[in-house]
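Engineer: Here are the chains, one letter per residue:
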Amino acid sequence: MIVWYEQLLGATVPALMAAAFLIPIMTLATKCARLYHYYASAVAAFAALSTVLTYKYVVDNGTLVYFFGGWFPPVGIIYEVDQFSALLGAVTGVVMLAITVYSRWYLGDHEGVAWYYTMLLGLEAGMLGSLYTGDAFNLFVMLEVMSVSAYGLVAYHRRTKEAVEAALKYSLIGATATTIYFLALLFIYGSFGTLNMADIALRVSTNSGLPIGNFMPQNPGLVSLGASIALALSIWVFMVKSAVFPTHFWLPDAHPAAPSPVSAALSGLFVNVGLYAIARFIHTIFGGHSDIDATVQVLSYSLLILGGVSAIIASTAMITQYDIKRLIAYSTVMHTGLIASAIALGTPEGMYAATYHITTHAVGKALLFLSAGALVKVMGSRYLSDLSGAQKYAPIASAGAVVAAMSLIGLPPFGGFFSKLALYKAFADAGQVWMVAVILVSSAFALMAYMKLVHTMFFRLPKTEAPTRITASANAAMIALIVGVVVLGVLYPLINQYFISSGASALDRLGYISAAVRALTSYFGGGT
Amino acid sequence: MADPGTLGLIFSITVIVGGLILAVFVAVTKKGVRETEPYLCGESETDFTDSVSPPATEVQWGLEKTLDSWVRFVRTKIHTGVLDDWWSLMIVWAALLLIMSLVRGWAWP
Chain A
1 MIVWYEQLLG ATVPALMAAA FLIPIMTLAT KCARLYHYYA SAVAAFAALS TVLTYKYVVD
61 NGTLVYFFGG WFPPVGIIYE VDQFSALLGA VTGVVMLAIT VYSRWYLGDH EGVAWYYTML
121 LGLEAGMLGS LYTGDAFNLF VMLEVMSVSA YGLVAYHRRT KEAVEAALKY SLIGATATTI
181 YFLALLFIYG SFGTLNMADI ALRVSTNSGL PIGNFMPQNP GLVSLGASIA LALSIWVFMV
241 KSAVFPTHFW LPDAHPAAPS PVSAALSGLF VNVGLYAIAR FIHTIFGGHS DIDATVQVLS
301 YSLLILGGVS AIIASTAMIT QYDIKRLIAY STVMHTGLIA SAIALGTPEG MYAATYHITT
361 HAVGKALLFL SAGALVKVMG SRYLSDLSGA QKYAPIASAG AVVAAMSLIG LPPFGGFFSK
421 LALYKAFADA GQVWMVAVIL VSSAFALMAY MKLVHTMFFR LPKTEAPTRI TASANAAMIA
481 LIVGVVVLGV LYPLINQYFI SSGASALDRL GYISAAVRAL TSYFGGGT
Chain B
1001 MADPGTLGLI FSITVIVGGL ILAVFVAVTK KGVRETEPYL CGESETDFTD SVSPPATEVQ
1061 WGLEKTLDSW VRFVRTKIHT GVLDDWWSLM IVWAALLLIM SLVRGWAWP
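Quick note, the sequences are listed as chains A and B, same order. Just so we're aligned: 487 in this note's numbering is position 487 of the first sequence, and the numbers increase by one with no gaps anywhere. Just so we're aligned: 1045 in this note's numbering is position 45 of the second sequence, and the numbers increase by one with no gaps anywhere.
Take these hints with a grain of salt, some might be off.
Result set (DSS-like, lysine-lysine): computed pairs, CA atoms no more than 25 Å apart in a straight line [said to hold, decoys possible]:
#1 K161/A <-> K377/A
#2 K1077/B <-> K169/A
#3 K1065/B <-> K1077/B
#4 K392/A <-> K463/A
#5 K377/A <-> K392/A
#6 K161/A <-> K1077/B
I should point out that these hints are in silico values taken from the structure, not numbers from a laboratory.
Full structure from sequences and hints, please.
Structural biologist: Here's what the structure looks like:
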């Protein structure tokens, strides 16, 4: 029997994609920009509600499995949502709602509003599909959906050379990465005869698959070799998507070139998909006591080191920036590096810290980019020196920028402080004390970089009058995110347990496998 | 004994409450805004004249000067902005990953 929560989970991503593709058809009937604003906000509100309800269901009842079109695994595509993916999905849904509401003011009556929302909803569909899917090939499709939308959104200001160049570079690197992931899928299918994630995890650990459709080849040596190659290729691809050194070069060009709401979505949410996929692959699917555990350990240790290098290089680049959006983009590289290192630890503390920091970074970074976008639009320039006295004309945006910066630096009582505290503890407990030093040094550099912004906004006199006013809806979006950043810190004792259980679910390989087996048994009338 | 998170939270709330009390005290006791001209000692200090506090950019400059060689390395060797340079680093890393996986995968049973 299919019940409402399964239908809701199954409907969310297809509904988002259908809503996105409906917009070009709507342009044949009307060019009214306001209609597209309201339409996109309503669709984003549905997605936010759906993702939050899905998360609540998963917390209360355990992993949710949905068979698309009634096709059972490993033949058909399934969505398998545990607490880890459900939490990231809910964060994506809620932050995307704030971004969509903000977009109304940012874009106004721009000629490309319809296309903008087509790609923005496509981006959200791709991100949620990537987080929810339980099928490695469907992950490839959803990565493509979100990446293609992202390329288009980066090139949105297509009459500027900067946007075109950034989008070209980004699309070349991104397309190469997803093609290599396809190559990895060939190795996975050749090794295990399946692309269902739970089925792969089961075959990796027990050499036997789900009760139906067992096409397992019988050569363990070749299987472990093929799986090792597939894992190495996949990790490289996910590092590109999450912008971890040395595969991060596209990000500082692409994110600033995009419209600011898109920068918020890309920096706050898009990179999370890559981090999620790294955790899913090295812990849930290929982790634990499997034949390829040695490869997992080598890759994890490499990721740990590169995450630290990423944080140091990006924070160094931050202090030399005079373009506010580029400064924030480098901050994203720094934080994804720290999160990737925490994921690489493979401990419950590491995954808890990673999950918490992904959430605080997503909300804080989205707030910072939306605030920066408002400041840039009001003051008419992206250069820090031109934002003198910006707080006089955009007080809420200025307050948002300060709150977000303080959270990202790791100052109490904001969410970033507690998630960084969790990172310190995870690294120290794992014996990786040098990573604690990396966090301290990179945070100090970030503090220096953000102080330039704060000083310019609050302690310098305005040079010119600012003709643009920020509307109530845009201010409301920023205030909601400010509240989010504060709540993630102040309510730490109450919400802590959710991050602990979400992080732990990424390490619970047996739980992930048994949820799929249980759903399959139930489907064929075996009860739950 | 409380965990570091709870201690941090208690500390934060204490600082915020203290800050609010201080702000209320300052607001209540404030008689008005006193505007003064910057004392320039007869020299042309243009940077100081358009700001109401010493510029943080001076500290910024000092830090950049200290880290000059490292910053220069990051900007000229890593973040060159040239796609070919990026590819070379990315492909080297991909090749290293593959070699590591082949060695470990082959060495395993």
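Engineer: Which constraints among the numbered hints does this structure fail? Numbers only, ascending.
Structural biologist: As far as the earlier hints go, not one is violated by this structure.
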